[in-house]
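Participant: Residue numbers (our numbering), protein chains in the order written: chain H, 46 to 687; chain G, 46 to 687.
Since the hints were derived computationally from the structure, they do not count as laboratory data. It is possible that some hints are incorrect.
Identical chains blur together in the list; that is why a pair holds if it fits in one copy or across any two.
Here are the simulated DSS-like cross-link-like pairs (lysine-lysine), alpha carbons at most 27 Å apart as the crow flies [as the list claims (entries may be wrong)]:
hint : residue 1 : residue 2
1    : LYS563    : LYS163
2    : LYS395    : LYS272
3    : LYS395    : LYS563
4    : LYS172    : LYS613
5    : LYS657    : LYS565
6    : LYS219    : LYS639
The residues making up each chain are set out below.
Protein chains: 2
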Amino acid sequence: MSKENDKMDVALQGRRKFLNTAAIGGLAGVGLSVGLAGCNKGEKGAASSAGASAAGEHAGAAPHIAPGQLDDYYGLWSGGHSGEMRVLGLPSGREIRRIPVFNHDALTGWGITNESKKVLGADASGKVPYITGDTHHVHGSYADGTYDGKYAWINDKLHSRLARIRLDTFECDKITEIPNVQGFHGIFPDKRDPVDPKINHTTRVFCGSEFSIPLPNDGKDAADPSKYHSLFTCVDAETMEVRWQVLIDGNCDLVASSFDGKLAATNQYNTEMGVMYEEMMSAEKDACLFFNIERIEAAVKAGKTKTYGSSKVPVVDGTKAANPDPKTSLVAYVPVPKNPHGVNASPDGKYFICSGKLSPTATVIDLSLVHKFFAGELKDPFEAVVAEPEIGLGPLHTAFDGRGNAFTTLFLDSQIVKWNVDAAIKAFKDKNVQYVVDRLDVQYQPGHLNASMSETREADGKWLGVGCKFSKDRFLPVGPLHPENEQLIDISGEKMKLVADHPVWPEPHDFVIVRRDKIKTRQVYDLDEFPLAVKDAAQSGVERNGNKVTVRMASQAPAFSLRDFKVKKGDEVTLILTNLDKVEDLTHGCGIPKYDINFIVNPQETKSVTFKASKAGVFWIYCTHFCHALHLEMRTRMIVEG
Amino acid sequence: MSKENDKMDVALQGRRKFLNTAAIGGLAGVGLSVGLAGCNKGEKGAASSAGASAAGEHAGAAPHIAPGQLDDYYGLWSGGHSGEMRVLGLPSGREIRRIPVFNHDALTGWGITNESKKVLGADASGKVPYITGDTHHVHGSYADGTYDGKYAWINDKLHSRLARIRLDTFECDKITEIPNVQGFHGIFPDKRDPVDPKINHTTRVFCGSEFSIPLPNDGKDAADPSKYHSLFTCVDAETMEVRWQVLIDGNCDLVASSFDGKLAATNQYNTEMGVMYEEMMSAEKDACLFFNIERIEAAVKAGKTKTYGSSKVPVVDGTKAANPDPKTSLVAYVPVPKNPHGVNASPDGKYFICSGKLSPTATVIDLSLVHKFFAGELKDPFEAVVAEPEIGLGPLHTAFDGRGNAFTTLFLDSQIVKWNVDAAIKAFKDKNVQYVVDRLDVQYQPGHLNASMSETREADGKWLGVGCKFSKDRFLPVGPLHPENEQLIDISGEKMKLVADHPVWPEPHDFVIVRRDKIKTRQVYDLDEFPLAVKDAAQSGVERNGNKVTVRMASQAPAFSLRDFKVKKGDEVTLILTNLDKVEDLTHGCGIPKYDINFIVNPQETKSVTFKASKAGVFWIYCTHFCHALHLEMRTRMIVEG
């Protein structure tokens, strides 16, 4: 470790040393010095609530919701490499919905029904390309600078896919695989159109990709990292088609979008374009990239594009070499300290804040100055930086309370630091200004955090969630794989108050907290939404066309409309099932023993499955979703004649 | 509806009518009268707490666990047709672990790694037979009449499989597919050996199958239900091989085992062997079957067995026709009212309680009298019934507080009824004895319930969980698919107190609540447990044998031991990854973009995957499980040469 770090270790409380066993251990073992740039010794003596909460004190608002009472907020949570999205109620922290997205799910039949396979991109034989996914970021659609409750988007880093979730039914309806990239990580919807003031809602989703690859990635140039590139991508929010991509220098990471619709940004931790981690952190400065959406789309329209491989997506050139003049540049590269992680938009629309990760600072970038850069009125993009407050070790992500304060996770310090943005800007010129308001120990190693309605104009400063990557001793032990700890903090007062530990199946990366009145759901489908619907039990039956057999059936508690049906071994069977029950919450299931099929049909919903009748015998198709006092008796017999 | 039911409807509170919209709706639509046998009009005026709790009162013990505090109990929860098992902390209701079992799981790599595929029964090509499952019942292993914390078992009704979970690592280590059956539903481990008093722990798991099928089920006799049969099965707790099966009249459902090790039982809701639900409920009486384990095993040993189809499992004949003399009979058929659901063993070891489902009664069966039946000392097995208390509509399952009280779910009434077992036995002869102690409305339509340590000699009467099948309005709406509602009730006092609504992803069927000191976990593996372990980073490398390539790699935060490796398009690649980190909770992930592979390695664990290098290019294998400040930088490059 460097001399500077040694000093730092002595200065900090012993707790930090303990915590870092997990967080920075192993580096010594591979002969590497992290080279943490600076420390928080310059902090301006804010009163700290650290320690008190660690001892279990929790004088904040009560997170327990009495039986029969409802939560105040929806939490839309990434499911990490479970491949799913999750919906939590807050403040209770109760998981009220899993939404299968990139994974397969035996309960809903996601990945099993023909309808879900289509969304997942199945080929003509019904094979889906992937059954795994690694979700990181969830963001909702906007109108008028706040959530409109229409859609949420979630990314898959593993296979570079973007999925859309309908917030009326809480189901995934579209998935798009992004070409030319790998390690697609950050996403953010835009908040209005850059040009047309009438379009004040989300129409684009911006996507950042971390890993650089040859273009096209076909094996040529594979061993030559100097030929690797990264792209920034824009997806159409409605069609979910990729609109355009921007070739950049360096890589992307997280993404933010401005309230005026004109700018999107991505932080860049690997300006060096290194392929090994010590190369990736060799430079003292990396960057936050700003994309001028209007100019990019004009360039696309003007055909100043190219394509790679079999992809037809138009790509514009956003590299520094191709953009020497700020007045026409598509991209601004604003320098920020070493390996930043996270870029967040303050709810007043004025600033983007980039965290330092390997620097103990946050970087506050003034968007009006970024606009000035693009107007050619700044000499250097660094002039857009208006503050670099020192806040602690390993700063990653920032949330806002709508009252001018920012909350940043400190991964290495296992803390949240609350700091005042205006004060930090003043302190950039006057070192005597105090900007740190409070600190709170969290358990342990926090990644993302978010506050209720944080990145909207309605940020309300009530609750702060923080996704802790290690839970260690906070829950009953359950073997080598620990849950993560999503902690809940009351931020309504000056001091932060930790009120609850919520264990979660790894690994939520990010989440948003949405006021419950923003989301309007439907509890019952409409038969007319489904072209295959069996609208009347009398339409039930078996139809044969060569060796293709279509079985139409309805469910109505406690019976399927067919008592039995016969097919022949070798047939290709398509079973269509409509749930004719209309009562909210009266879902039926359909399991076919030994045929590896299960799915549910919600009230008035229709689904279908196609399979080969490969085994002769009697197979009791049964309702797998408890529906009625005679649920166990709800069955039909599939007789496969040998 | 029958005249009797009309009277009943008038007599009951209006609430019940509302609730039953979902529960018994639809029957009229298919021209069917349920024929509920009797009602609870004869109840002996117990004071009721129903209503009060529905209004949100909750004066019971607090379920909120302060940050940093631990729960008192492990809840081992079925995941229903999600195919998984879940671990909850109680009283908080927090989910602290999912255990993938019959499903695939992108996070852990269950169904993806070679090790998990082996447990799942993959063929030589690596294809697993099923990716779906429908779990219902979870039970733990016993020693000395209480949980020993060694194993839990969980069934798959869809494909008739039994899985075992190690409770030191909370991972599934064995799965057995049971031959000759369909709709395998109830399970229960035995509690000691029927003969050898030294074996006072679980060595067998009993399994009941609901659906009757031809034997063998090969297409012959498929259209002739008179040729269908059901079997009761015994699986070896250690080897997980099927020891024996018993051919029976009628079907099986739930299962219980006696504390003396001598008896297992299954309730039978389809004595009629009907194939349509109106046939299944035509008889006024069904049965609870008692299996004489010692006699069955003697018959197996004596070779009085047959086999079916390709199965080698010995099957003894337990039908009534083959067992005319109680003194040699393998099975006792004790009559109980109409379509019973649930059979539970009281913690004092004396009674099994069968619920009525379509009868408003519970049936208390005295095990000492069942032994007398097998000794030829009873004229009729019905003489073993010592009480038939009327408790309410739709009784399903019973739990115990260890103080002589039983708690039974009433599906149609949406209530829990607390009743005293001894008082019910007295009331069987003296109609003036009151046995109902309390009633509590639950939300809504409860299925299983269980009390802390209920079916052990250490039943402690502190907490009661109840799995409600419908949650309706109890949580923020999340579209057509509602969560289920696992409610928590404080049963430490005379009156039950509802303290929390816990939403869960459908559909938990059953669960057990285990005192936390019963379970001892391990948080770090041992390298020596894994034959393929890469014990030193220096052993890393690529080994080629024709087109088969083995890649050995280790992970140690924040790096993989290989910076890159090359293979050729078309190679069969086996990647072996050992996590050399030793710190508890320091799990790494391994995701291979575009290759549909993700899995984790916990501290000191080794896993492997085998795949075909079908695409040329650069593929950034990255750590998917947040591990370190430089987690994002933790990658290696797989270069697939075209």
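Participant: For LYS657 vs LYS565, is the C-alpha pair at or below 27 Å within one copy, between two copies, both, or neither?
Facilitator: neither (40 Å within a copy, 46 Å between copies)
Participant: Within a copy, between copies, both or neither: which one fits LYS563 and LYS163 at a CA-CA cutoff of 27 Å?
Facilitator: neither (29 Å within a copy, 47 Å between copies)
Participant: Under a CA distance limit of 27 Å, which applies to LYS395 and LYS272: within one copy, between copies, both, or neither?
Facilitator: neither (37 Å within a copy, 77 Å between copies)
Participant: Reference check for the pair LYS219 and LYS639, CA-CA at most 27 Å: within, between, both, or neither?
Facilitator: between (30 Å within a copy, 19 Å between copies)
Participant: For LYS172 and LYS613, with the copy left unspecified, which applies at a CA distance of at most 27 Å: within, between, both, or neither?
Facilitator: both (23 Å within a copy, 25 Å between copies)
Participant: Is the C-alpha distance from LYS395 to LYS563 at most 27 Å within one copy, between copies, in both cases, or in neither?
Facilitator: within (24 Å within a copy, 56 Å between copies)
Hint violations for this structure: numbers 1, 2 and 5, all remaining hints satisfied.
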